[in-house]
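Number of protein chains: 2
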Amino acid sequence: MDRILLKNITLDGKYTDIFIEEGRISSVYPHSASRCKELSESYSGTKVIDCSGKVAMPGFVNMHTHAAMSLLRGIGEDMSLQKWLDHIWRVEAHLDESFVYWGTKIAALEMIKTGTTTFNDMYWFPLPAREAAAEMGLGNALSFTFLDNFDEKAFHEQTQDCMATHEAAKSWGRRSQFVIAIHSVYTVSEPAIIWATEYARKNGLRIHVHVSETEKEVLDCQKAHGGLSPVEYLDRLGVLGPDVTAAHTLWLSDRDVEILGKRHVNCVHNVNSNLKLASGLGFRYDDLKSAGANVCLGTDGCASSNNLDMLETMKTAAISQKAWTNDPSTLPLQDLLDMATVNGAKALGMKTGRIEEGFDADILIIDPDSTFFLSPAPFIANFVYSAHSDCITAMVAGGRLVMMDRRAPEEEEILTGGKNELRLLTEYSNN
Amino acid sequence: MDRILLKNITLDGKYTDIFIEEGRISSVYPHSASRCKELSESYSGTKVIDCSGKVAMPGFVNMHTHAAMSLLRGIGEDMSLQKWLDHIWRVEAHLDESFVYWGTKIAALEMIKTGTTTFNDMYWFPLPAREAAAEMGLGNALSFTFLDNFDEKAFHEQTQDCMATHEAAKSWGRRSQFVIAIHSVYTVSEPAIIWATEYARKNGLRIHVHVSETEKEVLDCQKAHGGLSPVEYLDRLGVLGPDVTAAHTLWLSDRDVEILGKRHVNCVHNVNSNLKLASGLGFRYDDLKSAGANVCLGTDGCASSNNLDMLETMKTAAISQKAWTNDPSTLPLQDLLDMATVNGAKALGMKTGRIEEGFDADILIIDPDSTFFLSPAPFIANFVYSAHSDCITAMVAGGRLVMMDRRAPEEEEILTGGKNELRLLTEYSNN
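Chains as they are written, first to last, in our numbering: chain A, 14 to 444; chain B, 14 to 444.
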């Protein structure tokens, strides 16, 4: 594991040195050239990075994605949701472990380029996905996903598969966690929802579930379950709690908001996906926050939104929220930053999202020497509203230098691996 | 003027050579190594750029901005419109020619980095603004702006100032045009609107005007002008026509849409500004297009939206349009690209926005070798929805190579000039 000294970096407006050991931030102190010299002499092999003129920010926590779908981006543009799903499903029928491995590698490369150091994933084949994420240095929460389409045989197969995958995941390191995903109320049977929830609680695993993404989902659920909304239905089954990440939570009644708040559920706003698929605009940020929910931010998968850029997502989240609520002061910058960092860390129970001693060394190194930062505004305003992720010139993730001068190690090989998978998939889909 | 050969660039999926002379595209033909050799030997001093693996796209036309406000970005975040205006006006009271020159230089540098080769500007001091734009190589339409606040003395002073500025602008070259701006119906008196319109028509100048940006603007206009909306009122005064660029056109009645269509007005969607300032969501794209208006795209000034990135604006325009119309198929990619290129060119009567013989050489050179383009989707889908402007690695504007390897000439000096102006302005504002 690298020992790294970020020398003379600007943190909260102050010149700072950040010393990183064993994957964690071991000290943060006002810049001192002599102390830097001392440190690098005491610990030979310390990688000293001169960060003069650069700014440190915590890495982002992307709280809802389907990482390996990086290879499926843009395959159904300007389509209705139903046509889009047909496309995706036709192609996904051919997915295998190799596709998920390389898709997750590509996704991790993109997350590194765009400032994400930790991600919460819901997809297939978590074992190869974890291999890819760990190789790239990203913190990760990867799920076994229940999706039985109300088929009893599928349900029983998935319980077996889940337990076997969980067993294999027990060797995962500190920066990875195994999660139980319940795809949604419209794709998972009641016995499977109950089994998955009980299994998660018994084993201390977190839960990840799509909730109330579209109006149709809510109407169908009410019809199927005696007028209960997806939130009410999941709550009746005992699913909801502070260990649950609910993705989308877009079509909510007042009662839904109350429940999500009371259960301290982690609600993920996937704004780009919600807009692009025309799922809806009205994310109830203020209400959810007031009620007690922990509101986080996510990109969703590349097939819907079409990248994994949390900085872009932050801007869209803020400006669309101001527009639909008709209030330019809603979702202020600090809230936005919290949604993209500490709130996600809290949801996953991981020590990331802050640049403080003892936290995981998940740090963005930003170059503000461009037109985008040339303004009387605070750094954070320029970072979110004006700049793009290419201002992030280097990144430390879990104490490893995973990008320097906008280049990640083995970038060529990763792109080639992705291209090969894409070629295979295209051949399958055309046959 | 440079003679440039873009060798082996991908254009519409085909390997192509593009030869540029005298600022224009003089030939476009299928790639031929021998012909390239021949050309570069026949014309000594030809700059040959090997574009193998790169993709050509036309440069963007930003149809509504206030370029020099680049230096005012982010000065009023998360504020209501009224508070924001107070901030802006307090600072703008100190503007001078030097501020506009350096603000426009900074803006031009940012436009170059983000793919814009031509811009339609509404601001103060068009003479230094034009100097800055021409030095940077960008096509430009720069206005003298009427804003008399219903003060007769101001109106008369502005007519004198307008004529003098127009006289000075007669020496401008082919890539610049002098425009008459009428700030808005809520800031310009009726005599000034009529005078400015007649002056423009008499002299063959285009008109640029803010129209129906907020609901308040519409309600106030109806109150002041016997129930007429801004569109109806401007039409009654004879302002509207195909030589008019109407910025925002957001709060429109059916009758407004009909008028804008019938008069073939160029309507500019400034989506990021509309969202961020909570002006509104409901841009009537389909209706305006069907009615006969020419719909274009703009970024607005950096103080409201907070950058000049047309590629970012294209994505926000598309996804927010899909969301509020509840139709994922609206504003398809080709329409979006037209809004950002050829529609703007048509509005300004400039031969740009296409890569064809005889057109101005306004060309983006794009590097698709990244995760963002690694997908089965068409190039344009990845360009708009997945990538960011840093994929534009080089740019030819008006036949000049204005960026290579993401660096523009004299970048340091421009940033320093901007910083100096910003320092002066901050001192003024604090006193």
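The set of hints was computed from the structure by calculation and includes no laboratory data. Treat the hints with care, since some could be wrong.
Same chains, same label: a pair holds when it works inside one copy or across any pair of copies.
[As the list claims (entries may be wrong)] With a Cα cut of at most 27 Å, we get these calculated BS3-like pairs of lysine-lysine:
1. K432 with K302
2. K364 with K27
3. K364 with K96
4. K215 with K359
5. K302 with K96
6. K432 with K27
7. K275 with K229
Hints and how they fare:
In this assembly of identical chains, the alpha carbons of K432 and K302 never lie at most 27 Å apart, being 42 Å within a copy and 39 Å across copies at closest. When the C-alpha separation of K364 and K27 is checked against a cutoff of 27 Å, the pair qualifies only within one copy, where the shortest distance is 23 Å, while the shortest distance between copies is 50 Å. Taking the closest pair of Cα atoms, K364 and K96 never come within 27 Å of each other, the shortest separation being 41 Å inside a single copy and 39 Å across copies. With identical chains, the CA atoms of K215 and K359 are at most 27 Å apart within one copy only, with a shortest distance of 21 Å there and 66 Å across copies.
Taking identical chains as interchangeable, the C-alpha atoms of K302 and K96 lie at most 27 Å apart only when they sit on different chains, with a minimum of 26 Å there against 35 Å within one chain. In this homomeric assembly, K432 and K27 come within 27 Å of each other (Cα to Cα) only across copies, at 20 Å, whereas the closest approach inside a single copy is 43 Å. For the identical chains of this complex, K275 and K229 are intra-copy neighbours only, at 25 Å inside a copy versus 39 Å across copies, given an alpha-carbon limit of 27 Å.
Violation of the numbered hints given earlier is confined to hints 1 and 3; the remaining hints are satisfied by the structure.
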